[in-house]
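Going line by line, the protein sequences match chains A and B.
Take 2 as the starting number for the first sequence in my numbering and just add one per residue.
Take 745 as the starting number for the second sequence in my numbering and just add one per residue.
Hints were generated in silico from the structure; no laboratory data involved.
Predicted model, so just to flag it, every value in this text is computed and none were measured.
C-beta: ideal position from N, C-alpha, C; glycine also.
One should not assume that every hint holds.
[Claimed, not checked] A few chain A residues facing chain B, derived, Cβ under 8 Å:
hint, residue
1, D32
2, V34
3, F65
4, T73
5, R80
6, R82
7, W142
8, H151
9, L193
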Amino acid sequence: MRLIRSRSPSDRAEGAGPAIDARALAALRDDMVRFAVLQLRNRAAAEDVVHEAIEAAIRRADSFEGGASLKTWVFAILRNRIVDHLRQRDRTVSMSVLIEDDDNWQDGVDQLFAEHGGWRPEFRPAAWPNPEQALSSRQFWVVFETCLEHLPEATARVFMMREFLGFETEEICTTLSITPGNCHVILHRARLKLRSCLESGWGRTGELEC
Amino acid sequence: MLTCKEVTVLCSLELDQPLAIREKASILAHTLMCASCARFREQMTTIHRAMETYADGRGSSGTDAGMGDS
Numbered sequence: 002m003r004l005i006r007s008r009s010p011s012d013r014a015e016g017a018g019p020a021i022d023a024r025a026l027a028a029l030r031d032d033m034v035r036f037a038v039l040q041l042r043n044r045a046a047a048e049d050v051v052h053e054a055i056e057a058a059i060r061r062a063d064s065f066e067g068g069a070s071l072k073t074w075v076f077a078i079l080r081n082r083i084v085d086h087l088r089q090r091d092r093t094v095s096m097s098v099l100i101e102d103d104d105n106w107q108d109g110v111d112q113l114f115a116e117h118g119g120w121r122p123e124f125r126p127a128a129w130p131n132p133e134q135a136l137s138s139r140q141f142w143v144v145f146e147t148c149l150e151h152l153p154e155a156t157a158r159v160f161m162m163r164e165f166l167g168f169e170t171e172e173i174c175t176t177l178s179i180t181p182g183n184c185h186v187i188l189h190r191a192r193l194k195l196r197s198c199l200e201s202g203w204g205r206t207g208e209l210e211c
Numbered sequence: 745m746l747t748c749k750e751v752t753v754l755c756s757l758e759l760d761q762p763l764a765i766r767e768k769a770s771i772l773a774h775t776l777m778c779a780s781c782a783r784f785r786e787q788m789t790t791i792h793r794a795m796e797t798y799a800d801g802r803g804s805s806g807t808d809a810g811m812g813d814s
């Protein structure tokens, strides 16, 4: 089994940090690409950031504390790379255009409520299975990923910057040149949409196969 | 009293910024009376946790189900 240790200029002694199993790292690649594609919506860009993240992980192998999950450690590096990518990206895609594209979808959100502002009976939130069980069930994550993939592009970008990457809303506004009001509306509708999607795919009936 | 539609907006907002005491009180009063919105609020927390878990590489639809890595 090939083990990777970081080669620092000082050529650290063996055992300075737990070594990373190259195959374990390679096995994470698909999950990393999937995660990056969800946010960047661009396969080539996603593969680039994953490549950078894997390189960075190899360079920094010595800082990997063996106790933490390798995947969690690598994902933290990946998230940083995506953050850098989003901050540096030449903003060729106008968010305002994307937001308009997403607007038809807003009608769907409005349908959830009656004129007086109460839930329409058919859209009332149903009881969900126990969250603890959900988060350790593979079926839940299949539905979860599918639902994220189905978010409209502008909505997905804003929502994932906030929830996956921990951007504050002010920074999202600055980075994407949108107003705080817009940002909150987008986040809200992302959550509404994701909620109903999860519920129809997984929450309402546990036995339903997607 | 706020409508369900308005309460869902606040339930989302509270995940992004601290709410004013008045807003918190509105949510609490409403959710005590409205089971649908109480459920909605819990589900927002579940979604938030799921996003965190996934971003941490601890949730996965892949073959290792994200749970087996050691």
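Each hint, compared with the structure:
{"no.": "1", "hint": "D32", "in the structure": "holds (5 Å)"}
{"no.": "2", "hint": "V34", "in the structure": "violated (11 Å)"}
{"no.": "3", "hint": "F65", "in the structure": "violated (13 Å)"}
{"no.": "4", "hint": "T73", "in the structure": "holds (5 Å)"}
{"no.": "5", "hint": "R80", "in the structure": "holds (6 Å)"}
{"no.": "6", "hint": "R82", "in the structure": "violated (13 Å)"}
{"no.": "7", "hint": "W142", "in the structure": "holds (4 Å)"}
{"no.": "8", "hint": "H151", "in the structure": "violated (14 Å)"}
{"no.": "9", "hint": "L193", "in the structure": "holds (7 Å)"}
Against the hints set out earlier in the document, violations occur for numbers 2, 3, 6 and 8.
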